[in-house]
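Here the structure of chain Z is known, so what remains is to put chain G in place on it, guided by the hints.
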Amino acid sequence: QQVERFLAQLSDFATMNKISLGPLKNIVKSILLVPNGALKRNLSSEQVKADFIALGLSEEKASYFAEQWKVNSPTLTRLAVGQTLMINQLIDMEWKFGVTAGSSELEKVGSIFLQLKLVIKKGSQLENVYVELTLPQFYSFLHEMERVKTSLESFS
Amino acid sequence: QAPSKDAVRQLCQECFSSPPAALGPLAQRACPGLAAGPEEAEQLVSALHNLTRHVVYCGLTRAEDILSLFPENFHQNLKNLLTKIILENISAWRNEAQASQISLPRLVDMDWRVDIKTSSDSIIRMAVPTCLLQLKIQEDAALCGNNPVVSALTVELSKETLDTMLEGLGRIRDQLSAVANK
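As they're listed, the protein sequences go chains Z and G. Read in order, the letters of the first sequence correspond to residues 320 to 475 in this note's numbering. Read in order, the letters of the second sequence correspond to residues -17 to 164 in this note's numbering.
Keep in mind that the hints were calculated from the coordinates and are not lab data. Think of the CB as a built atom: it goes at the ideal place given N, C-alpha and C, for glycine as much as any other residue. Just to be clear, a hint being listed does not mean it is correct.
Label pairs and their calculated CB-CB ranges [what the hints assert, rightly or not]:
1) G:L158 - Z:S330: 52 to 62 Å
2) G:L148 - Z:S339: 47 to 57 Å
3) G:R95 - Z:I431: 24 to 34 Å
Here are a few chain G residues that sit away from chain Z, every Cβ distance over 12 Å (derived from the structure) [claimed, not checked]:
4) L5
5) P7
6) E21
7) L26
8) L51
9) K61
10) K66
11) N71
12) W75
With the rest of the complex left out, here is chain Z (with noise of 0.2 Å):
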């Protein structure tokens, strides 16, 4: 779908300034390379102008190509580390929580549950996954969780 509008672009842009989209397609499928390559070795932008001049890009435009580099490269690694493989990654989380009035065994009874709705991803497909809390759960749940907020935070 990006690359249909990508394509799209490139045949517009092919029309705006005469050229043949046919060549176009391919020095843009070769420049591409390079950006790629940068971003997986995690390439600093004089490197990247020093790839592009020993490619045989002139000095100027090689310059020009580096600040952009340095500008958005942030914005395309975590972009990259986005797309890395994640296992069940949890996509949202809702919750309702209320108080037990009776039930079949307890005429009264007023205890309070708390229910939550985990969103996960498995594979392409979305599922979802209820479970039910007591408060003490929740409160030693929300107690881990700040254990492995601080732990992440150590490595970041």
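Same frame as chain Z, now just chain G:
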């Protein structure tokens, strides 16, 4: 006719805990200890079951309330013994009833681990911490009888997801304190 007070105590507990369907076999097992015939044993077990469940259902906590449940000419010492046993067990039985009520699948355990992702097909070198959370979830006990099904679900959370989740959990905590303080 029971051999000892402890035997009575045990019988009461078994009668409360067993579901109506299991009372028959329970009665048969109790027969020899009580030196009673099978029909008598069944009646006894059934009566004890109903009595204990009724007390727990209504939430009776005072000896007088329980004593008043017995018929007029009931044996005095037995009545007092049974009342005493019931009062001893009331809060444990209440918890048991609450634990077995119908509900959504319940969380029974939770473990977590923090991994550092060092490499992937989209980036060759990185150091991205990620959290793996394993939840052990038990299906509704009433549906599974004596073999509850526990499944383990492993979920991965990025730092951003964890932060959002903690925000949500914090809101739950605030709402809970608001309710508790009302």
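ask   = Can you give the numbers of the hints that this structure goes against, from lowest to highest?
value = Checked against the structure, the only hint that fails is number 12, while the rest are satisfied.
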